[in-house]
Each structure stands twice: as C-alpha cells, then as structure tokens.
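**Q** I would like the entire structure built from these sequences, with the hints used as guidance.
Chains as they are written, first to last, in the working numbering: chain A, 1 to 345; chain B, 1 to 345; chain C, 1 to 345; chain D, 1 to 345.
Hint data in this document are derived by calculation from the structure and do not stem from the laboratory. One thing to keep in mind: the hints can contain errors.
[To be verified] Here are some chain A residues pointing at chain D (derived, C-beta under 7 Å): (1) A25; (2) N42; (3) R43; (4) P49; (5) A52; (6) H53; (7) S148; (8) R277; (9) V345.
Glycine is no exception: its CB is placed at the ideal position from the N, C-alpha and C atoms.
There are 4 protein chains.
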Amino acid sequence: METIKVAILGASGYTGIELVRLLLAHPHAQITAATSRASAGNRIDEMFPRFAHLTGSELSFMEPDMEAVARTGAKIAFLALPHGTAADYANELLARGIRVIDLSADFRLREASTYEEFYGGTHPAPDLLRQAIYGLPEVYSREIATASLVASPGCYPTSILIPLLPLLREGLIEPGTIIANSLSGVSGAGRKAELPLLFVECNESVRAYGLPKHRHLSEIEQELSIAAGQKVTMTFIPHLIPVNSGICTTTTATLKGAPAEVEQALRTAYQDSSFVRLLGRGKSPDTKNVTRTNFIDVGWEFDDRTGRLLLLSAEDNLGKGAASQALQSFNIMSGLPETSGLLTV
Amino acid sequence: METIKVAILGASGYTGIELVRLLLAHPHAQITAATSRASAGNRIDEMFPRFAHLTGSELSFMEPDMEAVARTGAKIAFLALPHGTAADYANELLARGIRVIDLSADFRLREASTYEEFYGGTHPAPDLLRQAIYGLPEVYSREIATASLVASPGCYPTSILIPLLPLLREGLIEPGTIIANSLSGVSGAGRKAELPLLFVECNESVRAYGLPKHRHLSEIEQELSIAAGQKVTMTFIPHLIPVNSGICTTTTATLKGAPAEVEQALRTAYQDSSFVRLLGRGKSPDTKNVTRTNFIDVGWEFDDRTGRLLLLSAEDNLGKGAASQALQSFNIMSGLPETSGLLTV
Amino acid sequence: METIKVAILGASGYTGIELVRLLLAHPHAQITAATSRASAGNRIDEMFPRFAHLTGSELSFMEPDMEAVARTGAKIAFLALPHGTAADYANELLARGIRVIDLSADFRLREASTYEEFYGGTHPAPDLLRQAIYGLPEVYSREIATASLVASPGCYPTSILIPLLPLLREGLIEPGTIIANSLSGVSGAGRKAELPLLFVECNESVRAYGLPKHRHLSEIEQELSIAAGQKVTMTFIPHLIPVNSGICTTTTATLKGAPAEVEQALRTAYQDSSFVRLLGRGKSPDTKNVTRTNFIDVGWEFDDRTGRLLLLSAEDNLGKGAASQALQSFNIMSGLPETSGLLTV
Amino acid sequence: METIKVAILGASGYTGIELVRLLLAHPHAQITAATSRASAGNRIDEMFPRFAHLTGSELSFMEPDMEAVARTGAKIAFLALPHGTAADYANELLARGIRVIDLSADFRLREASTYEEFYGGTHPAPDLLRQAIYGLPEVYSREIATASLVASPGCYPTSILIPLLPLLREGLIEPGTIIANSLSGVSGAGRKAELPLLFVECNESVRAYGLPKHRHLSEIEQELSIAAGQKVTMTFIPHLIPVNSGICTTTTATLKGAPAEVEQALRTAYQDSSFVRLLGRGKSPDTKNVTRTNFIDVGWEFDDRTGRLLLLSAEDNLGKGAASQALQSFNIMSGLPETSGLLTV
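**A** Written out as structure tokens, the structure reads:
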C-alpha cells in the first residue's frame, strides 16, 4: 500500500492540530504541507512540542501558497480554515488536481441562498456547491469515495444528525417537534485570543449562546429535510461548558411509532457501523468515552408521560465532529479501510 | 434587633456547609446547633478550615438528637438531610416549638401519593404535608412568613419554575410543550464517597442522567399545574457538568402570545424582586455570575422560525437552589428584610 | 462612621474586579470612580453582570482622567494597573491630595536600581519611592496608617514573606538556603486576550515559568533581607495551574534552631493576627479554604532526615495576594477596624 | 512476529485501565486475562464504554485466581495492585513460569529493611527482591530484557530520576542539596471512593501532602545513591492539583560544574532515547504535551545568583509514570522494538 501525500491548510488551529495528530500516526498518509500564517517557517514540533520525536513532526509550517502546496506532491488537502476563506483555496487546489476535504462551512449547503441567509454575504464559489459531497460517511459513503470536494460536517450537526436521520427516514418522529440541546467543549470556539475564551472566563461557567439561529442549523435542517422527505425546521440550543473537547447532545421529538421501532431503526442503520456505538435504551453516553476518538455514542429513552423520544449522543467536537471524521472521508476517498488510523482510544 | 438562634441538621453535606457559611455571616442569626453523625464531636473550623477565625465556627458538631438541639435554644431549624429522614426530625422539632425549613423533598408535594410515585415507599409524615409551605419566596412569600414548616424547593425546580410561572399564569405558553434541559455542577449530587463523583470521573466529562422521570419532576409539575390552572406534564433532562456548582437551565415551549408579552409578564412578576435579575431578550445568563449568591438570572429569546420561546436561567444549585433560598425564607419567617445576609457576591 | 469615597483605576482587570466586589460590599466605602479604557461609558453591572442589583454597581466606568477622578470626591485611590503606568497616575493623584494604594510593582522597591534590574527601563517616579510604604499590614501596619502612598505587595511575595519573615527575624533558618515553589491560578496572569491563557491551553496543563529570575524576586529579597539583617538571595519557581485563583507556596530552608522554635516564632508573630491562620506542624493548607478571602493559611513540617524546614502557605492571589490585602491597608489608613468588610468567606 | 499473551491483574484501577488501553492497541500483544474483584464477570467494554468496538474489549474481567490466569496462556503479567498484595501474586505467577511486571512498590527496593521503614510491616516476599529489576529502561534496559520480575518505577520517582541520574553520575551536582517539588494529577491517588478525591473537593484546590517522608522517597534515594556512588538523602514535596493526569516536577540542586556540562550530560544520556525529550536550557515542559504518552519532557535552567540548577520535567503519571513505562519494559522483555505500540500521542 502506497503512502498518500496530504496537505493541511490552517494547521495551527485546534482542528488543524488534531488533523496533524491523526495524520502523523496514520499508516498510509504523509503530511507534505502544513500551512499556518502565524507559524510559517517554524517546525511543527517546535510550535507543538507534543509532537516532538514523531516521524514527520520536523516539517515546517508554510505560508498558504497553493502553488507551493501542490509542489509538495500532496494529493488530498484538508482545509481547516474559517468559512469564507476556504472556498478560495478549494478552487485553486481543485484546479491543480488536488482533492479537497473542507472542514469549514463553505460547501456544506446545497443552496447558495441558504449560505447567504445563515452566514451572510455572497457565497464565494457557488459553482462548486454542486459538486461538493456532504462528508457524513454514515450517509454518503459511496459519494465520498469518488468525490473531488468533500464538505466535512460541523461538530453540532454530526451529533444531531446521526441519531435523528434513521428515525426521520423511517417516519418514526414528528419532524416539527425536534429540539436539540448541545453542550460543547471550549475548543469548539477555536484557537483565538479572545477574552471570553480565557481560562478564567470559561472555568466554573456554563452558558447558552448563539440563539436562536446558530449557523449550524442550516446544514442540520438541510440533511433532516432530505431524510424526512419534507422541509424540517427545528430548535437548536448550544451551550459552552468547561471541558477542552466533547459534545453531548440531547434531542427530543414526539414519537410516532413504538419505542421498539426506535431501537430497530437505529440498529438497522448502524449495527455494522465502525464508529457509531449504540448503547441502547436507558443508557446515557458520556463525552469522556469518546474524546480523542472518531466514535459517536448514542443512547435513547422514551418518556411515556409526554410521548417524547429522548436521543442522547456524545462525540468529540474535534474528532467525529471535525478532524477524525474528515480522516474517515480521507480513508474512503483513498480506498483504505474506513477505520485506518482511527481505532486508537 | 435580636439575634435568632438556629440549628442546622446535616451540616456537613454540601448544602449544610453552605448554610453554615451563610449563617456565620448573617447579621441576625446565631448557629447554636450543627448536627453531623460523621463529624460529631469535632469543631466546625477543624472539619472545614475555610471557616476558621470566624465567630461561631468554634462550635462542635453534635449528634442529631432533637432534644439536645432544642436545649440549645434554637428557634428555627434547617434540615439539610436526605429525603425520608428529614420527616422524622421535622416532627420532633415541631413538637418542641421549633419552626422547620426542610431542604429535602419530604414536604414539597401536596399529595402523599405523588411522593410515593416519585420517591418510592410510603410518605413518612403525610399529616404534615398539609401544613407545609412550598418555600419559593417569589410565589409564597406571604405564607412563608407565618409558616411552621417550609419545604424549600429543589435546585432544578427553582431554575425551571422562576421563568415559567409568570408565563403560565398569563396563559402565554402551551403547557403541553414544555421541555427543560438543565446543566448542573457536581455538588448537586451531594458529598458522598462514590466512584462516579470522583474528580477523574467527572472532569472532562458531560452526561445526561436520571431519565426520563427525575424525582424533581414531581414538584415542578405540581407548581406549574397550579400556575396554569390545569394539569401540566413536561419533559426534564438533567446533565452533569464539571463545575463545582451552578445550574444553567434552558426551557423551550410554544409561545401563544406575542414576544413583547413575555417581557411584560416577567417584568410584572419580578421587577421588584430582590433576587430575580431579568436580563431581557437575547441575553444568556452565565452561572459564573450567580455562584455563591441567591440571585437567579433570567434571559429569553423567541425563535420565530418555530414559534418557540426559549427561557434561560442560571442559579447556584447550592444557593438559590438550596441554602441561600432557605435563608431567604428564614428572613421572611423572622420578619427580617428578605435580603438580610444575602447580598454578598 | 462616615463613608469614605474611593476610586479604582484599572477596574476591569481581575484585580480591579475583585476590588469592585469587595468595595461594593464594604460598610464604610463608596466607589465614586472606576476607570477602564476598554469599558469607559459602560455601567459596571452591564460589563460584569455578577454585580447587578447591588447598590453602587450602576456606576459607569470612566476614562482614566485624574482631574475627573478627583472631582468625584475620592479620598483614596486603588491603582490596579500594569507596572510603569501606575507611577504617572500616582503622582497626579497625590498632587490632588488623594492617598494612593498602588497594587502594581512601581513603588514596592526601595531602590530605583533594583526596579531597573528586574523590570527594565528607568523608574518612572524615583522620588516617590522614599515615601512609599510596603503594604504588608502584618509588618508595616503602623506606617500604613499614616501613609500617603502604599505599595501593596505582589501575590507571590505575600505567600512567601508571611511564613518566612518571623523565622528570619529570629535567626531560625539559614538565609542562603531558601527555595520557594509556588503554584498559582490563572487569574494571576491577568485578564488579557492571549493564546497561552485560553481555557484549552491552561486546562489539563501544568508548567513552571518565569525562570530563573521572576520579577517578584526583587521585593521578596528586599523584605527578607530587612528581616534577616543581611542580604538574602533565594530561588523562586512559579508554576501555572488550572484553577481560577489561589496560590499554594512551599518554601524550604535549612533550620538552624529547634522545630519547637518555629512554632513559637510563628505564634509570636501571628497569634493575634486577623488574617494569618496558623495550622501548626504537619498541616498542609489548601487553596480552596482561602479563595475569595483575605486569609493566608500557614502550616509547616520539619524533615529531620535533611534538616530542612518546610513552610506551606495558601492564599488567594486576588485576595490576600492583591485586592483584599489592599483593602486591609485601606481600613488601616482610614482608622477602621482592619477586618472591616473582609470577614466573608 | 507472534502475538504475546498477557494478563493484567488489577485491571479496573486507573493504571489498570491505562494498561488495557495500551495493550488493546498494541500490535504484538493480546490480553487473555484481566482481573478485577469488583468487576469480575463483566465485560471490559461494558464497564469501560470507551473501549467498546475495539478488538479484545469484549473480554470479561475475572477473579484474581492465578491458576485461571495461567490457563489463559498468558506469558507476561502486569500487576497493577496495591503494594503488599502484589507480592503474593508475583510468587504464584513466577512459579507458573509467567514473567511479571509489577507496578506496585513491592519489588522496587533492594533492601527489605527500607521497604519496612517506608511502607511498614514485614516485606511479603524478601527473597524475590534479589531477582527483581528496577524497571527504568533508560537505566536498566539490558537487565530488563532477560528479567523474570520487573519492578516498574513509581510515578514521582520516574519524573525525578530521569533528569537527575546523569548529573549525579557525572558528579555535576551536590548530592546533599537536592529538593524536588512535584505536582500530580488526581488519578495518581487511585480510583478509590474517598471523600478527598471527589470532584468538588479537588477542583479549584491545590495542596501539598505526604510530608515529610513520602513513600516514593525510598526508591528515589536508592537510585540516586547508586548513580552518585554515595548515600543520597533528599527532600521531596508532592502536591495534588486539579488535572486528571500529569506530573510536573521541579528539582533544584547546587551545581558543581558549568552549565554547559549539564546540557552535555543530558544529551549524552538521552540523545538516542526514544522517550526522553530534551527541551534544552530555558525551556519549561508542560504536562499537556505528555499526557497519554510515554514521553518525559526535560528542560533546565541555571540560576547564577544562587548557583542552583533547576531541573524541570513533565510526564503522565499513568503513562511514563506507570502503564506505558511498564509496556516499554514489556517490549524490551519480548524482544520487540522499545517503541512498539507507544508512539501515539
């Protein structure tokens, strides 16, 4: 098995660092380019001493020059950049024959108008939207395999979609009753020098934010609507909690079917899944079991007093919610086993 | 103003310790008895060095002997004991003319049958239920003033009831659509030597628990039903998060009225309140602003895409959710200003 | 007792906020001016919702204009500013008859040359050094009472000096053998938007820093030398640990006398102290007992295998290490009981 | 390369769990027995859902019956048990031809009398002490390769010995001046249901403990003395800090040689080391770079004002301080590359 050369653009943010971590350990990948404006010219292992002594960590960060990236021989590029800037690079990379896995929001939406509603401004590359594949391997594995441009899902969307999609497809819940409350670790806000992200501001603190129309709603509702076969609108309430990483999502919806059908639908969808771990009824997933992994744990409960289904999921916002999920797509795109480099805990 | 002698039963749990902290600093109270089986015979300031050098902290914990407690001259007793055991002591104390503020669940429910449904077993003192007053001063201040037995509310119920009650009274929300997600600090689980409460088990961990029928639902639904004038059943999902204390609650419900009516109803109910701080629309309360206080901060938002109202509240589970709220009742029962000893932050 | 009008300069940093907290609750003080360039024009309770509903919190932050500060009638000003900038304001305030409690390092050193060695650059107001009093009330209470300019000690120095000074005065330890290891909460680094202070960077992280010549060494050695009656040079190793506040200091030194003399010397020095709590031999202070207080807890142990004395202290870096200690000086300067407004825990 | 069957005794404590984690991922090891009295009969992946979906995690915990352990075919057994109990099992395992890597303190000391001085009671298997090899691969790699009984070092000792040993061997520091301050995560205290280990008791808390004669001093001084060629007595001060894992150790000693010799001695000792990462002068290691790894990061500084050398090290107390270091010995004993299964970060 040959080694595949890869580039990471935006490699010094939290998602970028996690990509570095995973790709340094990947048996069939080699990082040939890692860009970072802030750290250009410095070695990875100097900026991030955690990686010292690992083969490949002596590579220096470079400026985000796509021509230079192409010259390193990279065949697949991971874009861990803010939305809006990713699109420009994607165009340049695709033009040079480099396949792109974009972890920003730029290519997740099928309609440029939805992008503009939720993110503001004109979409930077509307023509690419058509060819982009939403990189949720549990749904789009086949399309990902041959895609040139994969739009890797957001952290919250992954935690909400995985449990909901099979139930909507089976018509087991009322689409109009979906409410998701998510609790996210602070790394989800990015590696930015801002007062609200200081240790002292986040420690011993909990708060909801981004109400009532968090940007991730756009891709969540898009995928829910596809699964339900009808337009789905939902309520989403994210909270910031003092952990480094991890998302715990609790979703409620009115159940139309019988509780046993819920378990059945989840099993049908995921019993052969590598990374969705079904805990069963009455079991509550804990983020500590999924941090630094690509697993998403799913439990559920039925409240017969109200007729509501409770769906519980836990993932790592930097893992299945970002970097390792992108790597799962990478494996699929490269014809590797989906789990390659992703089964450490 | 005379000094009122008080007793704390179960003074070495987290709620008990917080009562000690507040009462040591209270300008018109004196702790004459503090019981603790585990620490009996030891001085408060030895077991809890935080209190050393404070007047009154040299008192020794005693066994929970109600006759001995009465001999100390205590006029009001705080019961910070597990449910089931509080009732026995309450009987003994009331018989000796000592007014009781019970922080357990024993007297919060009007119907013994509800207690039995949610807590199991026969209610230990059903005859006392009739005389007990639910100690939510924002609702029952007048009854608390003259009560012999106050059942101080649970931590989650306080955070859910305060924002909801005025809206239900005004008929502004659909009672059947209420869903509350709460995030609680670990002290809410009590000071118990149990593996799941260890630092290493809770740190970097988040999880839902107690599904689908947490015991606190019983008192929440009781009070919601009274306010709504009809039976209310709701969904409640508590989560454990790695902070010492603090509860952040997000409640959703379908709005029947106009958004402006929400603000109006909240203002009417609480604009003269000492401890409910209204943040207004679009503001999200943060637990770090209320820890170690008796304040509860309330914000809200309206999601016009779904017609749902989002109610956001933050309190300290040991403060407004337990000890300081009990002290608020104490002040009212004693004819003191409601805020006496409760305005430090 | 009249109310004393006070100003806080630099009121939106962590020390400034703690001063606001303490002074809002102080029975004999009134904040008439609070400056903050970043927050000028905004109300205190808007920027810091924790203070909402407290009398005085409706005051707006103002620009640091000393003439305007003087017009508010402030008689004493607290300077919670970076070193270097405090000196300019001090001059202006003193010229207007306002007494100054400076929490920066600008006036802690008796020799401008020492300032220049440790802080770099020329001292901004060398003539004021002579009149400044080092604001460690356990040593300089009498001088503080009448001082116009008090230089409140640094956080690390307080934790190191309090246990060492009596022993050096009594000649009980070898001055050349002193080594202090301190562990500090993150608030000690200030409220600055910098990457290394982010939650994700500090949580689950511990590191030493500032080696080998942390700036605080200058004032520590100055005061140790005075107590020892000879020049003392020592080793100081600060560490950053993931707590909001608190300093735990462990100091070792070769004991010259008998262990019993250690206890005797500490008792002689502090048995009547309001804020130094002596735990005795074999007891280890815990920062959780002193956070948000003006207490400093001191324990010790003797290692007869090596002849070394171990001195253990715990304080709040924002409390006895900064804001509440400054308030202790304020009380003394104002003829108030030293403990006024400082006995809440 | 064949797969080596291994047993883990005491597999449900924190060190045991970390051994499970590492051995499940090890390319040449297979866990055939995992004992746990508390969890006997339950599957590993049920008790520890983090491991679910990993090959081998479906194994059930068994009672600690050495005959049954032997029947599983295990060739090497890891003992992650309390001191005192490990010795009995070691005897039984060795008698059955199973090589033992003991992570307790039972076989770390060469003299039974030292064990008795520091641990109390009679040594449970003094005859085994002679054959036991101290499992610090950076020193005893050759002896470990053929050992039947390896006594894997304690967490604190590893962090202290690695930087000190080369300097003592070279005669670069005064042996009588060594003082080590260590800061350890809470997992170091074990997975025990005890009040002081609760989240609420440890969070926002820092304290020294175990003074003045922590048990680990016995093995530290033993190895320091061997390296120095003379009896070494030192001061060791451990502190508990609120992180899950990680040890940060700061050691001071009077330097006899020149600073350049320090760097030279460290490089000579470790420049080819797989797991000791030398950061160089002026660099301070951070535990966040070594958690969940077998790396130990070492920096240093010289304080010319006092003539003292500062040695700084960071490791994971469960990693290089326990489980992964034991696995490093396992690799050496098995003729595998030392780094096998140990290069993930």
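**Q** Which numbered hints are broken by the structure, listed smallest first?
**A** 2, 3 and 7
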